[in-house]
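Chemist: Two chains, each in its own frame: build the complex with the hints.
First to last, the protein sequences are chains Z and C.
If you're matching positions, the first sequence starts at 15 in this note's numbering and goes up one per residue.
If you're matching positions, the second sequence starts at 94 in this note's numbering and goes up one per residue.
Derived from the structure by calculation, the hints contain no laboratory data.
Please read all numbers here as calculations on a predicted model, not as lab measurements.
Yeah, the Cβ is synthetic: ideal placement off N, Cα and C, and Gly gets one too.
Hints should not be assumed to be uniformly reliable.
Said to hold, decoys possible - Not the full set, but computed from the structure, chain C residues with beta-carbon under 10 angstroms of chain Z:
no.	residue
1	148
2	178
3	192
As the list claims (entries may be wrong) - Here's a subset of chain C near chain Z, in silico, CB distances under 7 angstroms, partners left out:
no.	residue
4	180
5	184
6	193
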Amino acid sequence: MSALPRAEHVDFGYRSGSLRSRFASARLPLRVLGVSALLLGLAVAVAVAAIRYGDYPLTAEQVLSTLLGGGEPFHRIVVLEWRLPVAIAAVAFGALLGLGGAIFQSITRNPLGSPDVIGFDAGAYTAVVVVTLVVGSGGTWSIAAAAIVGGLATAFAVYLLAWRRGVQGFRLIIVGIGVAAMLGSLNSYLITRADITDAMSVGFWSAGSIARVTWSSLTPSLVLGTVIVLAAIALSPALKRLELGDDAAITQGTRPGPVRLALLVLGVATTALVTAAAGPIGFIALVAPQLARRITRSAGVSLLAASAMGAALLAAAHLLSLLIAQVYRSIPVGLITVCLGGLYLIWLLIRETRRQAGAPR
Amino acid sequence: MTAHPPRLVIEDATIGYDQRTIAERLSLEIPDGSFTAIIGPNGCGKSTLLRALARVLTPSTGRVLLDGKAITQYGSKEVARRMGLLPQTSLAPDGIRVADLVARGRSPYQSLFQQWRSSDEQAVAEALEATRLTELSGRLVDELSGGQRQRVWVAMLLAQQTGIMLLDEPTTFLDIAHQYELLELLRTFHDEGKTLVAVLHDLDQAARYADHLVVMRDGSVVTSGPPAEVVTAELVQEVFGLPCIVAPDPVTGTPTVVPLDPRSVVR
Ligand SMILES: Nc1ncnc2c1ncn2[C@@H]1O[C@H](COP(=O)(O)OP(=O)(O)OP(=O)(O)O)[C@@H](O)[C@H]1O
Ligand SMILES: [Mg+2]
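Extracted from the complex, chain C is given alone in its bound form (with noise of 0.2 angstroms):
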């Protein structure tokens, strides 16, 4: 238990589309200043959740709670200065160059009078050198790598400057390098004393680099807790149906997955 109150927390909510429930009665706290990782199998509603706590979708029934207050009771430019949100899969205008799409990430701070003030400058010069994108700044979006759009997109929520930044599968479509520069990128973000909350698909890395892990499964928090607590054999098949062992990371000594060899198992 943190000292802190958790900033972030959904109470006995019921999350879904339409008829459609995907989540019934989820309650989940998310420490302050925590690495929060959250693992699960396809489709088990990991994006759900974090488009709830987003207040993208709205829970049918409980609430969301930031910095103790429901959500639902702030502006919405006001919880925007507080939490931003990288969807799974973001669109960026036909033609926009990369420190105009990284400048969207200003809008909670802008009035219809008030659009370019230098502490708007300031942050995207800022968001732009952290993401090392400041070379690329006048390029055309359409015309980077992956890894380099992954990273402009980055720079955009780190240009709206919130305390909570929640990131579904931030690593996807990245190559091995790319993705431990990533996550090193997140750390740093950590470090400075920012709460994130990251859906990740890998568990090593999770494990590696989350201080928090929330584990889902058809639509429901399996258990949640220190990544040395939480991943275990057992549990890893449980949730995924995986035969595995974990084993120390020989570099950081945090839990890696090693499948077992299908053929060798006992049937």
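Just chain Z, with the same shape it has in the complex (with noise of 0.2 angstroms):
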């Protein structure tokens, strides 16, 4: 802020600024801020157009001026009642996703992270199918509760699994697939012995839609997200320093055990929230953080970066399927972002095997 003297003047290397007060002092890697600034708004925007499709098809002055205070009593309905909690999950959801995909991207050192990875998804998904086989299709908390129990007990398991004094990324992802392979062969058991109303029922849990969400699934959803946004703020200079590896860290004043953790709990909160409100909603944490750090040119995943590309990434998922829904039929936000996870698995495979074949990049 103030003109230093040269001795104390840094050259990062890219754009940065600095923000010094008696409370607070920050560096601010201007890029990263900015594309992530950038990306919340279109995420925004984005959101909030989508609030014009769907059923009943309205324009954009009527969504704009419903939503300033305005407008007539039905639309009042259609736009506040029942859209804006979805256009507020798209971009909400789409940040926690990207936010637990940073932060396991972190912990594991590999870009394909996730914490659907570690057979939260596939264990999430059993429980559902077991409670509907049991309780019935009827009740969306019961639905959401097993998802979350089933998704953390299979968390758990994996983590325990993967233990040997201390848990290492790389066998936590190897575990977590075998996990995820052996509970996907179960959940096929278990639809087999469905009846008919059951197995739909699973099936649309399973494809993932933010469509049903409401106010009052969203609302403790927006409480627990901000709590997991809150710890992982918290928690974001101890996972920095873990990215140096565990003897640094220790020696830089971190206990890597109880943080890693703590950082996995988070990591799988994220996800678990997601699943129970809306489905299993995949490949957002995955991509996100990848995207994100390719646009930011950052220093490992940034947590903010990978967010504000989840909220982006969600949000156009969302609006696309009600676009195709306007021409076609609806198709669920899941199945669209499990598409685009696809095409992203096939560049990222494209550009590793030309990698080693030596060509450019």
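Modeler: Written out as structure tokens, the structure reads:
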């Protein structure tokens, strides 16, 4: 901020500012902040644009005037009661998924790390199938609870199986993939035992859709999501220290074991929250941190940029699903993110193969 | 014996991994203001000892004392402000630049709200200056030469501004000129009053730069003391199994090890 003597100035190789006051100081990497702000703005704009679409189409003016407090009574119901919670969910859930993915990729040091990789989604699915078979397909809340319990139990089991004097990222991913595959076959078996209505209802759930979000399911999610975000901010310095390896992290004042466990819990909590409210929405957690890293050119994964990217991706996928519904029929957003994720994986594979073949990037 | 009490003491410690004990009942004092070099064959436990000193490993018996107090009684950031470690192998986050990595050394001084005080920037600038990295500060760490990268890690440790610096094989992967350059750099830290503990493989360099040698074999300390007293042909034969003569370095007069020609040694 002030004119520093020359010896004090550090050139970081990119544009950055610094903020100094008596109570707080920070270095501001301008590109990361700028891109994140842009992505968040985009996410909000897209989510608002998506409010227009549905069984009862509205014009942009109708949406905006209703959001600003005017509008006809019926429009107020459509916009404020039905579609606004979904729009908020698109942004908030996307950001949470991006955050969870960033945490996992940072801990596992692997671009394939994400909460679903350690079996969360497969476990949630198993529990939902079991509950549907036992209780019936009725209760939203019992399904949400089953998803959380099943997902957490699986994540915990994977953590224990991967544990050997601490948890190492690569082992966590391998064990997670194995457990998810086993649960996958169990899920298929269970579905063959279900009657047709139960099977359909599980099928709908497992496609993942934010369209079913209502104020009453969104509000608790937002409260918990805020808690998760605050905890992630508090743990982010320790997360950065872990990036340097355990020895360096310890000698810089971190205890890797408890910190890593807390971060894993946070990462899984992001997915648990979203899955409970909307069913499994795949691939955002996997893709957002890497895309954000490429655009921001940040060192390691940036929690902020990954969250912003997650929000933009889910909002875009949501809008896309509504647009497709206009011309064809409604496709749940979870299926769209899976398709986008598949494209991303193919692209990643091609890039890696090219790189190994020595072709220029 | 120095007038000051030793800064770092390990007492009667048993150190190991899981069931495997590497060192048993090991005791050692690091004199205040010393440049201590730890030498010994591969796998004898040098890194293990260093990691125990840096409280990366917790001894199953015995204890480590930092400035006269058990290290377990300090807060972990308090220890990190007094003692830093350069591990034998380090990991850099993907796509990080030099100044960013060096700035990571400031984390023991930072809190959630105070992330970049002017003292942090000052320390990073000084560390870059001392390691001659100021010109390279904006470069990607992945795109540096091995020698430059090693200087970055040393700079990160320097930015931590600790009175005690532990370095595990800081000169590996460096060519001979860069090895001496790094040792000279360590000597300047020593001259500024820092206490240095470095694992070194080259006995001549250890004898030349350190003022206190610790010789290890099979998880125990064989002997320790000033290089001129410690380095003898018998010791090198005993510890490394290398027949040699020890002659004074023509430049510094410190002991150097000259291996005998095995073909002319009597069987
Ligand atoms: N993480 C670990 N888990 C189990 N055993 C280990 C671990 N690290 C080292 N060891 C073992 O402890 C012993 C001492 O290893 P250490 O790394 O301390 O040796 P060193 O003297 O530093 O060797 P070098 O000169 O090759 O670096 C070795 O037998 C090694 O196999
Ligand atoms: Mg070693």
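Chemist: Hint by hint, note whether the structure agrees.
Modeler: Against the structure, the hints come out as follows:
Checking residue 148(C) against chain Z: minimum C-beta separation of about 7 angstroms stays under 10 angstroms; hint holds. Evaluation of the residue 178(C) hint against chain Z yields a held restraint, the C-beta minimum of about 4 angstroms falling below 10 angstroms. The interface hint given for residue 192(C) holds, since its Cβ lies 5 angstroms from the closest Cβ of chain Z, which is under the 10 angstroms cut-off. Given the 7 angstroms rule on beta carbons, the hint for residue 180(C) holds: about 4 angstroms separates it from the nearest Cβ of chain Z.
Because the closest C-beta pair between residue 184(C) and chain Z is about 4 angstroms apart, less than 7 angstroms, the hint holds. The restraint placing residue 193(C) at the interface with chain Z holds, with a minimum CB-CB distance near 5 angstroms, inside the 7 angstroms limit.
Hint check: no violations occur; every hint is consistent with the structure.
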